[in-house]
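Engineer: Sequence:
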Amino acid sequence: TVALTGADLRAALENAVWLIGKDAGRFAQISGARIVVRRDAVPGSRLVSIEVGGKALDDTKLYKVATIDFLARGKDGYVALARGKPLVSDLEGPLLTNVIIDAIEKAGAIAPVVDGRIRIE
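If you use the working numbering, the sequence shown corresponds to residues 12 to 132, in order.
Among the hints, a few may not be true.
[Unchecked claim] Under the rule of at most 27 Å between Cα atoms (straight-line distance), these lysine-lysine pairs were calculated in the DSSO-like manner:
1. K75 - K117
2. K96 - K66
3. K86 - K75
4. K86 - K33
5. K72 - K86
6. K96 - K86
7. K75 - K96
8. K96 - K72
[What the hints assert, rightly or not] Label pairs and their calculated CB-CB ranges:
9. V124 - G64: 16 to 22 Å
10. G55 - L106: 30 to 36 Å
11. R49 - P97: 20 to 26 Å
12. D80 - P123: 21 to 27 Å
13. G88 - V47: 19 to 25 Å
Derived by calculation from the structure, the hints in this document are not laboratory data.
Here a beta-carbon is modelled for each residue, glycine too, at the ideal position from N, C-alpha and C.
Turn these sequences into a full structure, and let the hints steer you where they fit.
Structural biologist: In structure tokens, the structure reads:
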């Protein structure tokens with residue numbers, strides 16, 4: 012988990028859609044946010060809009076972002092994530108697999124829905 016400026020979060024999300032339409036693994040899945048992506052725009056300017064918590068992204072605000080350590084270290088092009096301030100160290104935080112198992116156990120049944128977090132135009 013890292014604290015990121017809105018500008019760095021925007022850069023990270025632009026990286027996520029940089030290779031959209033290609034067989035690339037960097038496309039991120041998001042939670043707590045909504046993005047609109049223009050597929051045919053020039054890479055680096057594909058995000059039409061970003062909302063976090065129902066409000067437009069503020070480039071100057073700090074956001075708490077949970078991610079895996081690989082991406083937090085700037086791998087796969089996510090250099091903006093590496094600029095964030097670590098809030099939980101790799102050694103202190105819970106294992107992702109344990110977090111997922113706990114969430115599934117608490118939820119009981121999993122009923123996935125398409126909720127429009129990522130819209131591609």
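Engineer: State for each hint whether it applies.
Structural biologist: Hints, one by one, checked against the model:
1. Only pairs whose Cα atoms come within 27 Å are accepted, and K75 paired with K117 is accepted, the gap being roughly 23 Å.
2. Pair hint K96 plus K66 holds up; C-alpha atoms about 23 Å apart against a cutoff of 27 Å.
3. Between the alpha carbons of K86 and K75 the distance comes to roughly 19 Å, so the proposed pair stays at or under 27 Å and holds.
4. Between K86 and K33 the alpha-carbon distance is near 18 Å, which keeps this suggested pair within the 27 Å criterion.
5. For the hint linking K72 to K86, the alpha-carbon distance of about 24 Å falls within 27 Å, and the restraint holds.
6. Restraint check for K96 and K86: the C-alpha separation of about 16 Å stays at or below 27 Å, so the hint holds.
7. Restraint check: the Cα-Cα separation between K75 and K96 comes to about 9 Å, which is no more than 27 Å; the hinted pair holds.
8. Distance hint between K96 and K72 is fulfilled; the C-alpha atoms sit about 13 Å from each other, no more than 27 Å.
9. For V124 and G64, the Cβ-Cβ distance of about 19 Å falls inside the hinted range of 16 to 22 Å, so the restraint holds.
10. The supplied range of 30 to 36 Å is met by G55 and L106, whose beta-carbon atoms lie about 34 Å from each other.
11. A hinted range of 20 to 26 Å is violated for the C-beta pair R49 and P97, which are about 32 Å apart.
12. Hint check: D80 to P123, Cβ distance near 26 Å, so the stated range 21 to 27 Å holds.
13. Against the hinted window of 19 to 25 Å, the Cβ-Cβ separation of G88 and V47 comes to about 21 Å, which satisfies the hint.
Violation of the numbered hints given earlier is confined to hint 11; every other hint is satisfied by the structure.
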